[in-house]
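Chemist: Read off the chains here:
There are 4 protein chains.
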Amino acid sequence: MTASILTGAEAALGERFRSTRRRTLGLIAPLTPEDMMVQSCPEASPAKWHLAHTAWFFESFILREFLPGYRIFNRDFEWLFNSYYQTFAHFPEKKLRSSFSRPGIEEILSYREHVDAGIERLLEVGPDREALLRIELGVNHEEQHQELLLTDILHAFSTNPLRPAYRDLGSPASNPATGPAAELSFAEFEGGLRDVGHAGNGFSFDNERPRHRTWLEPFALASRLVTCGEYAEFIADGGYKRPELWLSAGWDAVQQNGWKAPLYWSEHEGNSEDGRRIFTLRGERSLRDQATAPVGQVSYFEADAYARWAGHRLPTEFEWEVAASGLTVDGNLLESENLMPVPVGNPQQSQSPAQQWGDCWEWTASAYLGYPGFQALPGTLGEYNGKFMSGQMILRGGSCVTPKSHIRASYRNFLSPETRWQFSGIRLAKS
Amino acid sequence: MTASILTGAEAALGERFRSTRRRTLGLIAPLTPEDMMVQSCPEASPAKWHLAHTAWFFESFILREFLPGYRIFNRDFEWLFNSYYQTFAHFPEKKLRSSFSRPGIEEILSYREHVDAGIERLLEVGPDREALLRIELGVNHEEQHQELLLTDILHAFSTNPLRPAYRDLGSPASNPATGPAAELSFAEFEGGLRDVGHAGNGFSFDNERPRHRTWLEPFALASRLVTCGEYAEFIADGGYKRPELWLSAGWDAVQQNGWKAPLYWSEHEGNSEDGRRIFTLRGERSLRDQATAPVGQVSYFEADAYARWAGHRLPTEFEWEVAASGLTVDGNLLESENLMPVPVGNPQQSQSPAQQWGDCWEWTASAYLGYPGFQALPGTLGEYNGKFMSGQMILRGGSCVTPKSHIRASYRNFLSPETRWQFSGIRLAKS
Amino acid sequence: MTASILTGAEAALGERFRSTRRRTLGLIAPLTPEDMMVQSCPEASPAKWHLAHTAWFFESFILREFLPGYRIFNRDFEWLFNSYYQTFAHFPEKKLRSSFSRPGIEEILSYREHVDAGIERLLEVGPDREALLRIELGVNHEEQHQELLLTDILHAFSTNPLRPAYRDLGSPASNPATGPAAELSFAEFEGGLRDVGHAGNGFSFDNERPRHRTWLEPFALASRLVTCGEYAEFIADGGYKRPELWLSAGWDAVQQNGWKAPLYWSEHEGNSEDGRRIFTLRGERSLRDQATAPVGQVSYFEADAYARWAGHRLPTEFEWEVAASGLTVDGNLLESENLMPVPVGNPQQSQSPAQQWGDCWEWTASAYLGYPGFQALPGTLGEYNGKFMSGQMILRGGSCVTPKSHIRASYRNFLSPETRWQFSGIRLAKS
Amino acid sequence: MTASILTGAEAALGERFRSTRRRTLGLIAPLTPEDMMVQSCPEASPAKWHLAHTAWFFESFILREFLPGYRIFNRDFEWLFNSYYQTFAHFPEKKLRSSFSRPGIEEILSYREHVDAGIERLLEVGPDREALLRIELGVNHEEQHQELLLTDILHAFSTNPLRPAYRDLGSPASNPATGPAAELSFAEFEGGLRDVGHAGNGFSFDNERPRHRTWLEPFALASRLVTCGEYAEFIADGGYKRPELWLSAGWDAVQQNGWKAPLYWSEHEGNSEDGRRIFTLRGERSLRDQATAPVGQVSYFEADAYARWAGHRLPTEFEWEVAASGLTVDGNLLESENLMPVPVGNPQQSQSPAQQWGDCWEWTASAYLGYPGFQALPGTLGEYNGKFMSGQMILRGGSCVTPKSHIRASYRNFLSPETRWQFSGIRLAKS
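Chains as they are written, first to last, in our numbering: chain A, 715 to 1145; chain B, 715 to 1145; chain C, 715 to 1145; chain D, 715 to 1145.
All the pointers check out, no bait thrown in.
A pair holds if it fits inside one copy or across any two, identical chains being indistinguishable in the list.
With a straight-line cut-off of 25 Å between C-alpha atoms, the simulated BS3-like cross-links for lysine-lysine are:
#, residue 1, residue 2
1, Lys955, Lys809
2, Lys955, Lys974
3, Lys955, Lys808
To be clear, the hints were calculated from the coordinates, so they are not data collected in a lab. Since the structure is predicted, the reported quantities are computational estimates derived from the model, not experimental observations.
Chain A extracted, bound-state conformation (with noise of 0.2 Å):
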């Protein structure tokens, strides 16, 4: 599962695997025992099922397998919070995953403690390379359920009729989506015989790997995201009603679905002159408030026809990533001072193209597929990633909801193009 290289690295391993368990409990800080069983689409899990999963990840690739007189904590957990690995052990259906009220939380909690002590004692009698490699996975896929923990906590909370906040941060006058956009220009990129996939040193993912060449011809890419104010124009341009403008299946996805705007945008009842809301973490703000902050929740196909309707187009995953290869990880992701956690505008950034890391994920014209030479990890763990390569368009960058040391430039996200519960968003392209 990766490639780094793990001399004298348990400590700084150790602290990362501390670091990584607590950041997850500060997120459900604000949130009771009731939240963490609501499960709202069929996408999202309640948050007490990313707890609980999280801890059997570890327990079930690592404490098991290396750390000698390890006590299994409750042999039902073992079939109960496991996802998706066919070859480790049968699962319950996903939608079953909202009537786990049992175990409760107090016994989540107890699980990850019994988990937790259990690495720590692998780490004092010293694990063997392999198990360090797994560990390092284990925080990488923890740091993957913190995302979807706050993804899923927003679409919950979105469907709650009360329209509560995770987190209620004051006046939307400090918040930084306010004022004039940017302007919007193109950063110029050379065509070439390019290296893409990730290139050896620190952890990625199998589904990064290897690195391969790929021929590009010159791109151009936008210098910040697509803001909600440009996305209302579309709107306004009758965007969901013209049908040249969509894909064939995002057509039909309009119509079947509805859609006529983001996934949490709604007119405001009873005050037309405020206009357009949009439901956020920090809770229901106004468009107005919001025009210059990224806009997410949308699909590739929503996406893609905003980028027509723009007269430009997505950029494939590997325009992004090279444009992308020299840049400092660093924007409005999970780690930021100024957490949200939503996206923001007006990036201060003085990297080119600007907001390549965070505020919202950036939909790609690539399908998700294996590179050239493509091995899944050995095992069970081989259905980490490998076996979701169908169906679904590869998004890049991260967003204000991913953890900071979580991401990098070959970083490989795939979504199914009809999905919206994600912060999603668009960077434009050209040739």
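Using the hints, position chains B, C and D against chain A.
Modeler: Positioned in the frame of chain A, the structure of chains B, C and D alone reads:
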């Protein structure tokens, strides 16, 4: 809504109100806040919603109208906890109820206390006749939701792979459902012109009225309910594989849903000698232990097919009512000393037919339609019963989770014929 | 299946057989082989299938059993054209009937001739009583499929964007549906103990028997059916937008299916002054021309909502039957001289209530259930009616596509309450 | 739409037009008007619709625009036979095509003659370059529908329980698919920078352009397609029961659809020794007789799982194209002398890899996306290919029902990965 005579009845009604509200709180004592979030099938609601909705009923139809100066607890609750009263307010989609993590259980309990205080105040100031009738209706409404709360929790726990028990009262050996079943005989009744429907004393719902004449041919009712052991013989005889035993829509349901046994029956994994298991509010039991208990959680289609297989038929609702009209309400109901709450066998009742009350609702061969001259309650409360008069079949007699104070000879329960999540069983009849 | 007295009846039955079979061929005269392939909704079958299935019925239940030496026309047809008789043979899924391009129409017609010849031979050699009863049943069965054939062709043509007419009889000006509608009055009937069900002379289906007693309260029936013009007023008054007028399941059906008018009503494109159009077997007509014709192709839910809006109710099936029992069968039925076949207005009948026969089937407030002591026919033919006794409502009186020879006072038609493809209309009643 | 040089090409194009139109009529010779009505799955259209739509294409995009004085055959046909061109006219739902009994087949054939005469007149008066290019496009469009017509008729006949043959050419003993299969070997290819896409001579679709560079690692392609016999070994080895062999979405498809074999494979009833049967356009054949024929009618998921089971992988579309680019188009295509039209085994081709053309389309591991710099055709014809570029996988090489004149090395077919009704097979690759 009621024809009861209430002169000097405030005190009695007040006591009935208080004891009913207390019983609701008693029912949730074994549950955690997380348990009270689960909504595991379209028929069910979370326990927390039942708690809130029954408070909403008193607030919306009594306190708002009849208590001067009553302060609405929370304006949002007016629509949030509306179930289906189109002419009262809009209401959320039923399936969203599992997303209502907020308000939390503490706030719901405060809501109940606020409403309780309001009713006490109203009783003190002296409600008029209509207000008293509505309080009586609200009490009966709450009793219905007590039954639903337990029915829904049973389903919730049945979908939890860990299969927790709502209440574990110790060894099944103490279960009166063991031992040989009493022999089945038939009690005969004369035909003729009979009066059916509520007779005019005490509370009744609008759908039990008006009392009216009906012509009955001579008939006979089985002396007790069909047992789990008898139902197992039907299965063993290919009951679920022989289309000639089934109504056409029933056979479709068998095929489409893969029905092979009642809802909560399963094969015990890994221990074939122990055979079938039945999930109950006391946890999982063996069929052997439940053999003489009445079979429950069967659909109308299964009840009808069983009756055909047995060479008999189901009773009509009026045959049932005429047979019940002379009997004292007594049996395995929610107030029974030996509260399980599970159906039990070998009824000790001295009445004939036995088990007419409690254990399991009894499917009848009658469709749920209005009686001749039926008038729904005026106004919004007219939506309580009347608008459901299509596509449903009548059940009679109450179950082990029906409050004893709630049931009577003229009481009409109604469910779609494919419904299986209720305590719905089978009494045979013949002409 | 029948209680008719058949002494010396072979000749008459033979003539009835021949004329019925001829009429079927007459009905398909306006159709092409391609028309006879269309199956445009789940309720419908292709006309070709109706031709084959009615031959199959005579072959399977009469010739195979009663004609010595009968040669089966084609062994594959035994199951290919079986509709739903589980105990006879397996059968193809109903929706596959539109794939039966082979056998071709010529072969189907040869099949019919082969069967006709068989029945003639059987009539010559002298059938026994059971064989005669079955031929009589087969004739009635074929009459049912004549009605279905026209009902299904109307639906088939309605889904063809070119909207062809089955039969165009010239100017709508000759349509008796024009002109003002006769004023609506109510005919009153006394209550009391009445005998209902088939009286014993002539043919009847098993579901009309046994004749039995029922108690009726005094009631009144409308003097004619509800007209298209009256129904248009219901729509104009917000009929489809007011949930308080509807049964709960009916309101769900309105929402889910987007119902705004009866099945074949549409807005005329491009000519707003001409207003609504109604598609009929005579092609598309204006509402203006059909204003006094009875409204048809409404569901039970619509009939029920209309009645509630009008301040009345639907009759029960026994109210209808008692009112019809003294009347001569006469009206706009399939044999009428002025065959349209469309519902017409301003009935010239001298009987009261008028329009009791023909034009449109009349939804009743009665569920389709077995009469007290109901016995299905023995053997496979017991599947004819009995297994459909759940989830359906009774309709009475026949329609403009029901053969006159087919209908009688005790005749019970039955459909699911959401069904709209039939000629199903509305007669009001009151207590 | 094309980059072909047409100087002096009218005569050749005219002949190609005529022969293509004639071939379409030849293909329907074995069909009855009723056969041409069947639409048996969502992917398919009735044969009659194919006949009409291909005429519509010439009328709508050529005659209307380029032939002065052309008389539209029927104004209604402009939208009735529009398939999916949103910017041209509205169009009926695809599933309604099976309701188009009118216009009848004679009228459709008259429509074709009318259009043919128009094209001839246009060719006489001398079309300009754009008109010539469009006629060429129309011919290619008609060839695509020839393939679809046969594909759809195979499905139509497969759902007819009588399982008629489209063409019965006598004893299977003459089938070259019998006998042992040629041994499977791998042809190796060097990697490097390659040019792919249409080279500029002759017709091509917009999605084959622009020709562009791509980097390939060294690879090898199997010497022939996977046979039915080999695929049967995969099944016997538990291929459809082992989730580890499948993509996640593929395993879901297996479970949900109950896939156990390719689409047209079935167990022979009543004769177990004869074993599996495969339904073809020549009727039902035994697997024994088809053992060396290429397996077809498998989804991408099945092709991918087979390759994984075999220890190999599917080729990318560019690996396939580079391997094909030096080969002569020759194989079991629609013009073959020994037209079956069924896949056959033991290809006698002297080229390597063999069977690159015809027999079955070859699933590739490439998603259907636009090439770098892709430009859809201008105007309505831009909807021809571009809007389908999501959710589909590329297939290459044509099948036994693809006209030989239609296929080339750069040709891109595309289907959803779960699609099975096409002649879609498997070629293995390795790195």
